[in-house]
Amino acid sequence: MAKITFITQDNIPVIVEGESGSVMALAVENNVAGIDGDCGGVCSCATCHVHVTKEQFDLVSEASEIEKDMLELDDDANEYSRLCCQIDITEQLDGLVLTVAG
Amino acid sequence: MKKYLSPDPFKKARVAHGCAHMDEQNDPVTMILRLKDVRKTAHNWKTFHSGATPGRIVIPSEVNIRHTRQIPFEVDPPLHGSFRSLLEPWFKRPLESAYQEKLTQQVRALVDDVLEAGKIDVVEDFSLCLQSRALTLLLNTHASEADTWIGWGTHVFRSEDDPLDGDKAALLYDYIDEQIKASTPDPEGNLYSVLLSAEVEGKKLTHEEIKGIIILTFAGGRDTVINAVTNTISYFAEHPESLVRLRNEPEIIGRAIEELLRYFAPLTQMGRVVTDDTQVCEHAIKADSRVSLCWASANRDESVFESPEEVILDRKLNPHVSFGFSHHNCLGATHARQIMRVLIETLIEKVSSIEIIDFEENVESLGEFERKVGFHQLNAKFNPH
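Chains C and Y are the protein sequences, given in the same order. Going by UniProt numbering, the first residue of the first sequence is number 1, and it counts up by one from there. Going by UniProt numbering, the first residue of the second sequence is number 1, and it counts up by one from there.
In isolation and in its complexed conformation, chain C is listed as follows (with noise of 0.2 Å):
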């Protein structure tokens, strides 16, 4: 089980909790404003993009080429950008904080 806050483009702060599958999905089923998902997880819409804080940015693995692809043409992202449909959920993501992309 892991716990994750999102905060939202409204600086509100969200918390849910998952055991499996990815966090995009965790964010779509519990109504996260600002991550849709819209192409449900396949890396192709961009619409589940989050910010990780630089110091747990080594939580989360490294994006995939494709995923950074997909970040280099997005003007919100920043080095620590990450695309939350390519995140899985495991207990080591236990405490994290995601900032939700304009």
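Treat the hints with care, as some may be off.
Claimed, not checked - Here are the simulated lysine-lysine pairs, BS3-like style, with alpha carbons at most 30 Å apart: (1) Y:K46 - C:K68; (2) C:K54 - Y:K316; (3) Y:K204 - C:K68; (4) Y:K286 - Y:K40; (5) C:K3 - Y:K203; (6) Y:K36 - C:K68; (7) Y:K203 - Y:K46; (8) Y:K203 - C:K68.
Keep in mind that the hints were calculated from the coordinates and are not lab data.
Following the hints, position chain Y against chain C.
Same frame as chain C, now just chain Y:
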């Protein structure tokens, strides 16, 4: 050869040059073929804009048959963003359970009809009906309107011998004019009424702006949805085991939808007009000339997709561009994805197999390329469980 196959005609040019040229109504087009170049170009709206003469970014060009600007499709930022903000909540309604229930009822009734009918033409008797009926949900209009739209045939702008039939286009435009005039402002009503009551950047929408939004809703989602549905049926006809697999593993339906959309790329390409002299993959492009974002080629880019020629229903990484990319990504994508989901869920519940009897492919001529985009006719028989 399998009948569902949609061969990739762009491979050689994509690998060797990254671009190709096609002449089209004396307004040549540089086709951009690689995924990364397509995405970069789509993203760079300042150099590759959409706000050109109405109809010019469409290939084949519609400048001679349309003067109304399609909105937000032929508008650039920042005004584009204001229209998108107005329209997006409406076009996300397919995520609501009530919408999905109505769509499911429509598709189930249609599948029941074709199961009883024996031999049908999938294009006319199934895909066109499904697309038209589903459009009544997207517009929130009366279900009987679909009969009028079905009566127009499969193409809004095309007749059998003319890829750009002005008379057919006028039929749609006159219909939309009448519908707007007959509607009254109502933020809870159908799309015409909602738009009549709406404001963008502090101003009421003009008749011409509303017409531009409605034309886009009709034209953008007609051939594309019909191609997606018909190609999907042809695939399942030759892969009954895939229907069994999706029945046993419903958790992969989402991936299967994206993969079928990638493989079949229901819209081959979309144009942009270049604002300044520039370059695309080392090819010089002159200001005021056209480029195209070739979604169908980008979706087969071997430098990104493993085994791009294969339909892999549970493909995990699938950064396809069948709904476009960046600012102008498809406004109707939520509706289209929902149609595909309900279609697949209904097929796996009610249909054991589909037999193709005969068919006529719909092949586009694009300069040096010939691309099968779907079928003019697909005669088939649906068999129940």
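Status of each hint after checking the structure:
no.: 1; hint: Y:K46 - C:K68; result: holds, 23 Å
no.: 2; hint: C:K54 - Y:K316; result: holds, 28 Å
no.: 3; hint: Y:K204 - C:K68; result: violated, 41 Å
no.: 4; hint: Y:K286 - Y:K40; result: holds, 18 Å
no.: 5; hint: C:K3 - Y:K203; result: violated, 45 Å
no.: 6; hint: Y:K36 - C:K68; result: holds, 12 Å
no.: 7; hint: Y:K203 - Y:K46; result: holds, 25 Å
no.: 8; hint: Y:K203 - C:K68; result: violated, 40 Å
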